[in-house]
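What follows is the residue order along each chain.
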Amino acid sequence: MLAWTIYTSFLGALAARLAPSKQLARAFALLTALAGLALGLVALVHWQPGELLTVARVAWIPQLGLEYRLAADGISLTLVLLTGIAATSGILFSWNIEHRTQEFFAFYLVLIGGVYGVFLSFDLFLLFVFYEIAIIPKYFLIAIWGSVPKDASPENRGALREYAAMKLALYSFAGSALVLAGMVAAWAISGGHSMSFDVLARYPFPAHFQMWAFPVVFLGFAVLAGMWPFHTWAPTGHAAAPTAASMLLAGVVMKLGAYGCLRVAMMLFPGGLAPWGFHVFGFGSWREVFAVLALIGIVYGASVALVQRDFKFVIGYSSVSHMGFVLLGLMTLTQIGLDGAVFQMFSHGVIAGLLFAVVGRMVYDRTHTRDFNDLSPLRLAHVIPFAAVTFILAGMASIGLPGFSGFIAEFQVLAGTWRAFPWMTAIAGIGILVGIAFTWRALQKAFYGEPAPGRAAAHHEALPPISLPEKCGAILLLATSLIVGLYPRMLTDLILPALNSPLFEGLRTGAWR
Amino acid sequence: MITVLTLLPLIGGLVLLASCRSREAARMTAVLFAAASLAVVVLLWIGFNPASAGLQFEEWHEWAPCLGIFYHVGADGLGILMVTLAAVVTLMSLAASWANKKQGPTYYALVLFLESGLFGTFTALNFVHWFIFWELSLIPAYFLVRLWGGSQRARAANQFFLYTMVGSIALLLAFLALYLGTGQFDFLRLADLAHNGQIFPTLAQNLHWAGSPDRLAMLLFWAAFLGFAVKTPVVPFHTWLPAAYSEAPSETTMLLTGAMSKMGVYGFLRILVGIFPQQMEQARTTLLWFAVATIVLPAFAAWAQKDLKRTFAYSSVNHLGYCILGVCAAAHFAGTQTENAAALTGVLLQVFSHALTAAALFWFIALLERRSGGLRGIDDFGGLRKIVPVLSGLMGIAIFASLGLPGLNGFPGEFLIFKGSFALTPWATSISVLGLLMTAVFLLTVIQKVFSGPVNPRWQAMPDLTLTERLALAPAMILMLVLGLYPQIIAGMVSGAVNQWAAGVRF
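So the protein lines, in turn, are chains X and V. Here the first sequence stands for residues 1 to 513, where the numbers follow the numbering used here. Here the second sequence stands for residues 514 to 1020, where the numbers follow the numbering used here.
Hints were generated in silico from the structure; no laboratory data involved. You may find that some hints are simply not true.
[Claimed, not checked] Part of the chain X face toward chain V, derived, beta carbon under 7 Å: (1) Pro402; (2) Gly403; (3) Arg419.
Quick reminder that beta carbons are idealized off the backbone N, C-alpha and C, glycines included.
With these hints in hand, go ahead and build the complete structure from the sequences.
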């Protein structure tokens, strides 16, 4: 059943492309996304705790041992649900796309299909194929429908979009190249019989091989997860993308990277996390190296977000900071930290989606500016109060106030960090504080500004009111964050059994404490 | 019962947001829900057995057991006292804002949300459950200041929010460490473990802590302390307070000083005394210096203020300083149990009495502001007792209550705190008397400059309190007198809890 999330997305893409009218294309897209979400929810209802649900298994290239094999454990299901939610809300927030509508939704749904594919693949090669499929539509979504700053000259606009699109594509491909190298090597060393995760996870790779394969593959995926210092594609790409694409990029695509880090690098090559036995600049293992990079990402992302003038860049950098928590959680190698990392993937997907929806759709599409200096005199809280309230709630969720999903996630990551790297906890705490500061600053500047001195009273041109699709999308995302925040068992009951399954045996018996 | 209490204002706020369009309907709804909450509190009083020291009205459900999160609420004497003061102060604040035209449905909804947050904080017994309310009560408070405050409101609200968050994050990190060591978030279980001296050695082992467990314990204690020190506040973590209290609309300041500052004191009693007793005793000298600073310095600062709201803001810090003094003095195991009990009873009396007095004082300031068109400088008035005798008289009573005049509510608490503390820590108590003296000086200065002296011709036409205002103020004033003359109402209520602490603190 779950496999149909992939097929319906591709079919929906075709239907949207061939739809005779824009309205029909939107309807097809929405139906497709809802179908994906419904399939995910049905799977959730029928879920047996700890189960590894085989979805499809067909021999593909038997000579090479490659299979078309889809399966879902709790982690996959969590992220499939996230994709369903993010896709649905993304379509609701791009209801107003008028430029080449059919193509827009076609690319959008191809991207969704690829993402579902990655999360459901149970074969390394298949995962890689879907991973690559997802890169192509990202490029076109940004290059054709991207948003640019207001003061960009007309001839510059195309170039700016292409710059961002190309940067994202190149970073993604560079990451993929690293992944591919590790993948092929693993396939060759394990005898070339199979690329299935269960086979590879059981195969005793030599320690020295794991020691180089782990960092290479981890780094390849971490680029897409926005790990400092390879994060620079993220703010540019997020800011330049059209709203729905930013929502997907931050909400889901960055999770592809984090998912790959966990599912491929850490699950298959846990030996790479072991101590080197010697110290370089005080680092004794890859684990410490990546944990420090994640920590830098948390603090750096938040600090840079604090000084941005462009509203969308603030959210872009905030994603770098929040994804830092995912990576830090992974590197704690504690059950609670890993659980927190997956929880944060879900939580950030929902919250970042909502933040980008407010900035890109509710604010930018109405005011045509993302610059705080232009937004401040508009005092948008009085003009579009719904957007202000949504941003306040999303901001509260984003800074990890209890009651929202972000709290449960950060709380678990921090607990894991306390156990693994006590001194890092304090620094991550500072990162959270800076996060609060930039979120609140953005709120003030964008919604509760003061009329600029010297300028006449703010021009209260009538902005179009918040439309029904926007309200539905915002409520869907907020409700998700609240429900998961108030009832975290919904996700932890999925994630924890998966982490305790035989697949992660190597990780548990290694440095897991 | 307690769940009903917490949910009632929350539902009220949502109902109000969903249905009320006009100010009149909104304030009526808000008062109804706040009164209903007070009724539930009264039911709790009736059902409460003061002789028992344990928790009553307990409710316990699974929430997220794999993370140690349970839905656990209950109330002992301390909890009952706190929810009572939250309910009373909220009603007072709503009554004070009855005539304030600027405050619409959103304002009233936020007040109800804040009340719900207070009830939750004062009754939750699982850290995560408690922390939800502790943090979420900050949001309505922030917006009350941010949206309805004075000209510097943006700055004041942000400072308030960020400072409190610094404390909260330190607190959160401390509790995460406790959770890792014990697998527990439950305040009672943690307190049990702490009293057995088991927590910190296990914790140090679980965290692979290289230093001694005592250092780790101290570190966590100070992190948790920071959370409550900012909220209460304790000098030098108070700098957010004067701006927030004076920029907030006076009706909101009533809530901030009357109820929210008590969250800090509650944290001291429930969490620091409960879970870190040994650390409190070890750090007692430092803590006492903090307490002394909190009593003395703000009293001088209050004297120097020109703005009545800032004066009373500093006065608030000073009065909470007595509570901190009492708590820290009682964290002394070698002292006699009677003295500990006296100091702690004094703290609880002072908590309630300060809530009442400070809320009343800011209510009077709201009334003055409305009559003076927003002016509230200490030199802006003069001779008011000749123009508005009733207003001046009643406000005078509140000021004398704040000063601790025997017969009014401020006296029993301060007396017991000083009585208990003096035996336990003569030096700190002696220095603190200086604060008591300065309190008298600045409060009398206020009386002199505002009510006496030559009549300021500008206010010749100032109307005195209307009948409605008098009726609204009457219950609060009566309560002040009653508590002053018969403090046993509260002392009896909390005696079970106090005796347990007095015994538990020394083992």
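Each hint, compared with the structure:
For X/Pro402, the suggested interface contact is upheld, since its CB lies about 4 Å from the closest CB of chain V, less than 7 Å. Among the interface hints, the one on X/Gly403 holds; its C-beta lies about 5 Å from the nearest C-beta in chain V, closer than the 7 Å criterion. Checking X/Arg419 against chain V by beta carbon gives a least distance of about 5 Å; that is within 7 Å, so the hint holds.
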